[in-house]
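Work out the full structure, taking the sequences as your base and the hints as a guide.
There are 2 protein chains.
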Amino acid sequence: MKTTTTSSRREQIADAAAALIGEKGYAAVSVRGLADAVGLETSSIYSHFASKEEILWEIAVRCADDFHQTVEPIYRSNLHTREKLSRMLAAHVAVTLRNRVAAPVFVQEWRHLGEPQRSQFAARRDAYEAMFRDVVNQGLAERVFREIDARLAVLTLLSALNSTARWYRPEGELMPDEIGEQLAEMLLYGLTQSF
Amino acid sequence: MKTTTTSSRREQIADAAAALIGEKGYAAVSVRGLADAVGLETSSIYSHFASKEEILWEIAVRCADDFHQTVEPIYRSNLHTREKLSRMLAAHVAVTLRNRVAAPVFVQEWRHLGEPQRSQFAARRDAYEAMFRDVVNQGLAERVFREIDARLAVLTLLSALNSTARWYRPEGELMPDEIGEQLAEMLLYGLTQSF
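Those sequence lines, one after another, are chains A and B. According to the working numbering, the stretch in the first sequence is residues 1 to 195, in order. According to the working numbering, the stretch in the second sequence is residues 1 to 195, in order.
Hints are supplied without guarantee of correctness; some may be wrong.
[As the list claims (entries may be wrong)] Here are the computed lysine-lysine pairs in the DSSO-like style, where the Cα-Cα straight-line distance is at most 27 Å:
#1 LYS52/A to LYS24/B
#2 LYS52/B to LYS24/A
#3 LYS52/B to LYS24/B
#4 LYS52/A to LYS24/A
#5 LYS24/B to LYS24/A
[Claimed, not checked] Have a look at the derived ranges for each label pair, beta carbon to beta carbon:
#6 ALA123/B to ALA141/A: 42 to 50 Å
#7 ALA141/A to TYR46/B: 54 to 62 Å
#8 TYR46/B to SER47/A: 40 to 48 Å
Calculated directly from the structure, the hints in this document are not laboratory data. All C-beta atoms in this analysis are idealised placements derived from N, C-alpha and C, irrespective of residue type, glycine included.
Set out below in C-alpha cells:
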C-alpha cells in the first residue's frame, strides 16, 4: 500500500489550489473550498500551509523556478542572437505547457500576494523578462531585428506564448514541441512568406 | 444641475462592474460590493439589472459589438490579404485599448455566463475569430503567408494583441495607434530584419 508522504501531500494541495485559482481566480478560492476539493479537513491544509497566501507563493515560486532554470542556460550560451531568442521562445512554451495548470498564477494571480512577497515576485518576473529584453536589444544593436520598442516586443512575445496554456489540449493534434517551434518561427520571421 | 438618466446610470454600473471584475475576477465580485463601489444601495442595482450575470452579459455584448463593428468592414473590403490582415490586427488593438477596462470580460470572464448566454457568446467570439482565420487561410492559399496552422496563428495573434490591455498606460510614450501599427508589423513581418 502506498503511503502519502508529507511532501507529496503538500504538492497535492498546491496542485489542487493551482487548478482552483486558475479556474475561479484567487479571490474566489477559500481554504475550505480547497479542502473540499482535495478531500481533507481545513485543519489538514493548515498543517501544511500557514495561509492561503502561502499556497499562492508556493505555486508561483515553483513555476518561476522552472522558467528560470530552463531559459537561463540558453540565455547564457554563445548562440547567435536570432537562434538564441528562437530557442528561448520555444523553451518558454515548453515550460508553459508543462505547468499549464499553474500558468495563470505565474502570469497574473501572483498580484494577490501581500508584501514583501509581491515585490519579491515582481522582481523575479522582471529579471526573467530582462533576459528576453536583453537579447532583443542585442539583436537591435546588431541590426538583426527590425526597429521596434524592445519592451513592447517582449511583452507581446511572452503574452503570445503564455496564451498557449489556455487553449492547448493534450489530446489535440499538435505536440508541445511543434507548438513551440511554429510559434518561435512565426514570431521571429512573421506570418508573411519572404521570397 | 445635471441629472443622471437611467441609461447613463446603467452604463455607470456596468463600467464599475467591468473594473471590479477585471481586478478580482467575476466569482469574487458581489452585487453588494458593486453597490458600495458606485455609492448606491443594492436595491438600486437591482432596479437596473436582474442579476449579476445580466451585468456580465451587458459588458460582454457591448465589448463584442465594438470589436465586430470595427473589424468587419475591413474584413469585407477588397484590400489585398496581407494589408487586410494588417489593418484588422491594428483595429483589434484600437478596440482593445478603448475598452481596456472591459477587455478581461471579453477575453475570459464571459466563461462565467450561464446557459444559453454562454453558448451564444462563445458563438459570437468564434464568428469574430473566424474572420481572422478566413484571412489567414486566404493568405496561405495565395502563398502570401508561410505554412502554419491557421487556428494556432489566429489564437497567437489575438492573444498577443489582447495583452496590450494589461500593460498599456495612457500616460506612457506610445499612442494606441503606434502600438497597433508596430504590433501588426511585428506579427506580419517578424522581429527579424529582412535584407
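- request: Below or equal to 27 Å on CA atoms is what counts here, so check LYS52/B against LYS24/A.
  value: holds, 16 Å
task: Note whether the CB distance of ALA141/A and TYR46/B lies within 54 to 62 Å or breaks it.
output: Given range 54 to 62 Å: holds, Cβ gap about 60 Å.
- prompt: Are the Cα positions of LYS52/A and LYS24/A separated by 27 Å at most?
  reply: Distance of about 14 Å is within 27 Å: holds.
query: Per the hint of 42 to 50 Å, is the separation of the Cβ atoms of ALA123/B and ALA141/A within bounds?
result: At 48 Å between Cβs, range holds.
message: Does the beta carbon distance between TYR46/B and SER47/A stay inside 40 to 48 Å, or does it fall outside?
response: Hint holds: Cβ distance 43 Å, inside 40 to 48 Å.
message: Please verify whether LYS24/B and LYS24/A have alpha carbons no more than 27 Å apart.
response: holds, 10 Å
- prompt: Is it true that the CA of LYS52/B sits at most 27 Å from the CA of LYS24/B?
  reply: Holds: LYS52/B and LYS24/B sit about 14 Å apart, inside 27 Å.
- prompt: Within 27 Å, alpha carbon to alpha carbon, are LYS52/A and LYS24/B?
  reply: Given that 27 Å is the threshold and the Cα spacing comes to 16 Å, the pair holds.
Hint compliance for this structure: every hint is met.
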